[in-house]
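If you're matching them up, the sequences are chains U and R in order.
Once you know that position 158 of the first sequence is 494 in our numbering, the rest is easy, because the numbers rise by one and skip nothing.
Once you know that position 356 of the second sequence is 389 in our numbering, the rest is easy, because the numbers rise by one and skip nothing.
Quick caveat, the hints were computed from the structure, so don't treat them as lab data.
These numbers were taken from a predicted model, which means no experiment stands behind them.
For each residue, glycine too, the CB sits at the ideal point set by N, CA and C.
Certain hints may be false.
[Said to hold, decoys possible] If you want the footprint, here are the derived chain U segments under chain R, 3+ residues with CB under 8 Å:
#1 376-389
#2 459-473
#3 504-510
[As the list claims (entries may be wrong)] Here's a subset of chain U near chain R, in silico, CB distances under 10 Å, partners left out:
#4 Arg363
#5 Ser366
#6 Gln447
#7 Glu478
#8 Cys482
#9 Thr501
[Unchecked claim] In silico DSS-like links for lysine-lysine, alpha-carbon gap of 27 Å or less:
#10 Lys416/R - Lys439/U
#11 Lys507/R - Lys439/U
#12 Lys372/U - Lys476/R
#13 Lys535/R - Lys523/R
#14 Lys507/R - Lys524/R
#15 Lys524/R - Lys535/R
#16 Lys433/R - Lys416/R
#17 Lys476/R - Lys535/R
#18 Lys437/U - Lys523/R
#19 Lys535/R - Lys469/U
Now for the letters of each chain:
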Amino acid sequence: MVEAILILTLLSLLFGLLLGFAAVRFRVESDPIVDKIDAILPQTQCGQCGYPGCRPYAEAIAAGEAEINRCPPGGENGVLALADLLGRDPVPLDPELGEPKPKLLAVIDEQTCIGCTLCLQACPVDAIVGAAKQMHTIIASECTGCELCLPPCPVECIAMVPVTTETATWQWPLPIVTEPK
Amino acid sequence: MSRKLWPFHGGIHVDNDYKALSNTTPVQPAPLPAELILPLQQHIGAPAKPIVAVGDQVLKGQMIAAADGFVSAPIHAPTSGVISAIEPRPIPHSSGLMGNAIVIRSDGADRWIERPTSSDYRSLDPAQLREQIRDAGIVGLGGAGFPSFIKLNPGARTAVDTLILNGAECEPWISCDDRLMREQPQAIIGGARIMRYALQARETLIAVEDNKPEAIAALRQALHDVDAAGELELVVIPTRYPTGGEKQLIQVLTGREVPSGGLPLDAGIVCHNVATAASVERAINHGEPLISRYLTITGPAVTKPGNWEVLIGTPMAELLRLAGGAEEGQLLQGGPMMGVVMPSRAVPVVKTSNCLLLLPPAPTTPPHPCIRCGRCAEVCPVKLLPQQLYWHARAKDFDKVQDYHLFDCIECGCCAYVCPSQLPLVHYYRFAKSAIWAQEREKRAADLARQRHDQQQQRRAREQAEKAARAAKKRAALAADSDDAAATAKKAAIAAALARAKAKRAAATPENTDNLTAAQQAAIDAVDARRRTAQPVTPPQDPT
Numbered sequence: 337m338v339e340a341i342l343i344l345t346l347l348s349l350l351f352g353l354l355l356g357f358a359a360v361r362f363r364v365e366s367d368p369i370v371d372k373i374d375a376i377l378p379q380t381q382c383g384q385c386g387y388p389g390c391r392p393y394a395e396a397i398a399a400g401e402a403e404i405n406r407c408p409p410g411g412e413n414g415v416l417a418l419a420d421l422l423g424r425d426p427v428p429l430d431p432e433l434g435e436p437k438p439k440l441l442a443v444i445d446e447q448t449c450i451g452c453t454l455c456l457q458a459c460p461v462d463a464i465v466g467a468a469k470q471m472h473t474i475i476a477s478e479c480t481g482c483e484l485c486l487p488p489c490p491v492e493c494i495a496m497v498p499v500t501t502e503t504a505t506w507q508w509p510l511p512i513v514t515e516p517k
Numbered sequence: 034m035s036r037k038l039w040p041f042h043g044g045i046h047v048d049n050d051y052k053a054l055s056n057t058t059p060v061q062p063a064p065l066p067a068e069l070i071l072p073l074q075q076h077i078g079a080p081a082k083p084i085v086a087v088g089d090q091v092l093k094g095q096m097i098a099a100a101d102g103f104v105s106a107p108i109h110a111p112t113s114g115v116i117s118a119i120e121p122r123p124i125p126h127s128s129g130l131m132g133n134a135i136v137i138r139s140d141g142a143d144r145w146i147e148r149p150t151s152s153d154y155r156s157l158d159p160a161q162l163r164e165q166i167r168d169a170g171i172v173g174l175g176g177a178g179f180p181s182f183i184k185l186n187p188g189a190r191t192a193v194d195t196l197i198l199n200g201a202e203c204e205p206w207i208s209c210d211d212r213l214m215r216e217q218p219q220a221i222i223g224g225a226r227i228m229r230y231a232l233q234a235r236e237t238l239i240a241v242e243d244n245k246p247e248a249i250a251a252l253r254q255a256l257h258d259v260d261a262a263g264e265l266e267l268v269v270i271p272t273r274y275p276t277g278g279e280k281q282l283i284q285v286l287t288g289r290e291v292p293s294g295g296l297p298l299d300a301g302i303v304c305h306n307v308a309t310a311a312s313v314e315r316a317i318n319h320g321e322p323l324i325s326r327y328l329t330i331t332g333p334a335v336t337k338p339g340n341w342e343v344l345i346g347t348p349m350a351e352l353l354r355l356a357g358g359a360e361e362g363q364l365l366q367g368g369p370m371m372g373v374v375m376p377s378r379a380v381p382v383v384k385t386s387n388c389l390l391l392l393p394p395a396p397t398t399p400p401h402p403c404i405r406c407g408r409c410a411e412v413c414p415v416k417l418l419p420q421q422l423y424w425h426a427r428a429k430d431f432d433k434v435q436d437y438h439l440f441d442c443i444e445c446g447c448c449a450y451v452c453p454s455q456l457p458l459v460h461y462y463r464f465a466k467s468a469i470w471a472q473e474r475e476k477r478a479a480d481l482a483r484q485r486h487d488q489q490q491q492r493r494a495r496e497q498a499e500k501a502a503r504a505a506k507k508r509a510a511l512a513a514d515s516d517d518a519a520a521t522a523k524k525a526a527i528a529a530a531l532a533r534a535k536a537k538r539a540a541a542t543p544e545n546t547d548n549l550t551a552a553q554q555a556a557i558d559a560v561d562a563r564r565r566t567a568q569p570v571t572p573p574q575d576p577t
């Protein structure tokens with residue numbers, strides 16, 4: 337009887353120490369679910385969801401403050417992936433926040449640009465190169481198509497153009513077969 | 034032929050391979066077309082970069098586009114003429130998209146550029162050989178079009194065990210390699226020896242399927258004539274589709290399996306097509322870049338099937354006329370198993386075109402549902418489960434298709450060939466592969482954007498902190514100044530200087546004001562009056 341009590345006490349002490357050590361040693365700094373949500377979001381950093389970037393939105397979703405249908409660039413597939421991750425029911429995209437669009441690319445009309453640097457400050461991914469009173473240009477490979485550079489431009493020299501499909505990025509269509517019943 | 038051969042899983046034996054339609058007549062040179070279209074992307078890797086301008090006169094064999102990066106290949110003018118355009122043109126790609134191309138209007142003279150005099154390849158360093166092969170624009174002519182010079186580099190290995198020359202040509206209907214082996218066995222053997230030297234390969238095998246007895250005889254005779262030392266070995270392999278697949282051929286010849294996702298080089302093996310070997314021989318021994326190739330034009334809708342030596346860039350429509358092709362019908366580049374449908378007949382022949390197959394317009398019979406018979410799994414040479422791949426690809430479950438090793442699929446088409454429901458299985462796999470690649474591109478773009486956004490936020494936070502620190506430091510300095518004795522003395526000195534300057538200004542009187550005339554005095558008074566009443570004037574607006 338005494339032995340059993342002793343063994344159990346020792347065991348509980350041992351495991352308590354083990355757990356306590358693990359809690360300190362393998363401490364997770366941020367909520368891992370936020371990272372997982374953030375990995376699904378398209379990282380356009382466009383703010384259409386009402387949060388200042390993808391990560392704040394991911395944090396809001398993780399905290400249960402935001403619905404999962406507030407990301408138009410992510411599209412239906414994004415909502416489905418979030419629903420799958422979080423075990424929630426898929427909901428249609430919030431129509432107030434805009435329609436999902438094909439991927440766009442910002443292009444500066446370099447003849448019109450006055451070099452005001454306002455778009456540089458608006459770009460969330462530093463995809464615009466330029467300096468005061470120098471012509472600006474967009475690094476096409478870094479542009480996420482978020483359109484945040486459009487409102488600050490005083491001369492409206494930025495246009496959003498759809499990304500063209502090339503042979504390297506072309507996708508085979510799903511075969512359309514009508515199977516006989 | 035004492036060499037031991039190994040079987041590979043699956044595959045199919047085609048009873049009538051229709052090769053006899055095109056392989057009985059000698060190869061004829063195709064007439065010089067009026068216009069040649071040379072797409073900049075004819076190989077795996079980065080597209081070539083044009084080094085000529087519209088209006089330039091070019092000679093046959095002149096480099097017109099240079100390799101752009103390591104995995105790339107230059108392009109040469111197939112005939113002499115004038116560059117008439119550098120613009121997007123239809124290209125032989127299933128997408129039907131346009132691709133940038135250099136267009137040459139031929140002048141009919143077919144004048145060669147000065148070719149370098151041939152030197153013995155054994156006097157060259159393997160690295161120099163590779164450079165010459167790269168400059169000749171040689172890519173794998175078997176279908177994939179990978180720049181050959183890269184595959185002639187043993188890399189970290191000092192030598193490769195086995196160099197295999199692929200003369201299997203296992204796909205039905207195609208016979209261009211067969212004709213090449215019959216007509217130019219010396220060139221193939223010469224190229225094989227150059228490749229062997231570049232790789233320092235221990236043994237070199239030329240593999241030919243046993244349904245090409247004439248090609249085997251020709252190669253054997255040529256080996257007997259030129260290869261007294263027995264450096265090369267001719268291996269006759271059983272006819273079975275897809276033996277010509279690189280990994281299948283390696284398995285047949287060596288019994289070794291190339292690991293999933295690995296390269297043959299990992300197993301000490303390098304595989305080249307026989308046509309590539311012949312073009313290497315031309316480049317090294319004759320200084321001729323890759324500007325033409327043997328091409329089979331055949332199919333049920335062709336009246337005069339055969340093989341032609343065609344210039345790269347010849348429009349397919351002209352070649353089909355040559356072979357008596359019907360006006361209607363579906364044009365495939367490649368064979369019936371792996372060929373891809375051409376979007377139009379205006380597309381040109383490229384380095385990787387081995388066969389034009391013209392099929393009559395077929396009535397579209399809708400496929401039946403999968404009955405899960407499992408015959409596709411029996412014939413799959415990679416031992417995949419095509420049926421499972423089909424279900425998951427159709428459901429767009431891209432994680433699952435990768436679990437079933439979609440990317441080991443070589444798209445040989447055996448599964449679709451035997452499918453009793455006639456499902457377009459390979460099309461589903463191509464769909465899934467390109468969708469997964471697109472997802473990966475998106476993922477990479479998202480990761481890049483996240484990283485850049487994070488870095489921007491960190492930078493802004495750092496800048497703000499630095500600014501705050503600077504302001505705090507300045508404030509602290511000012512506060513420290515006020516109770517410093519030296520600073521007080523300095524302040525007193527500044528105040529004294531200010532007072533002196535003020536006194537000096539007050540003491541100054543206008544000079545040269547004596548003996549003024551009445552008119553001068555009146556003018557001065559008027560100016561003073563104006564000055565007193567004048568409003569400050571706003572500076573003029575910038576016209577911009």
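Hints, one by one, checked against the model:
1. 376-389: holds (count 6)
2. 459-473: Answer holds; 4 residues pass the 8 Å Cβ test.
3. 504-510: holds (count 6)
4. Arg363: This hint is violated: Arg363/U lies away from chain R, its Cβ roughly 21 Å from the closest one there, beyond 10 Å.
5. Ser366: Not OK, violated: Ser366/U not within 10 Å of chain R, min 13 Å.
6. Gln447: violated, 14 Å
7. Glu478: At about 6 Å, which falls below the 10 Å cut-off, the nearest Cβ of chain R leaves the hint on Glu478/U intact, so it holds.
8. Cys482: Interface hint status for Cys482/U: holds (9 Å vs cutoff 10 Å).
9. Thr501: With a minimum Cβ separation of about 7 Å from chain R (threshold 10 Å), the hint on Thr501/U holds.
10. Lys416/R - Lys439/U: violated, 38 Å
11. Lys507/R - Lys439/U: violated, 48 Å
12. Lys372/U - Lys476/R: holds, 13 Å
13. Lys535/R - Lys523/R: Status holds; Cα separation ~18 Å.
14. Lys507/R - Lys524/R: Answer holds: Lys507/R to Lys524/R is near 18 Å, not above 27 Å.
15. Lys524/R - Lys535/R: holds, 16 Å
16. Lys433/R - Lys416/R: holds, 17 Å
17. Lys476/R - Lys535/R: violated, 71 Å
18. Lys437/U - Lys523/R: Given that 27 Å is the threshold and the Cα spacing comes to 67 Å, the pair is violated.
19. Lys535/R - Lys469/U: violated, 42 Å
Hint compliance for this structure: hints 4, 5, 6, 10, 11, 17, 18, 19 are broken, all remaining hints hold.
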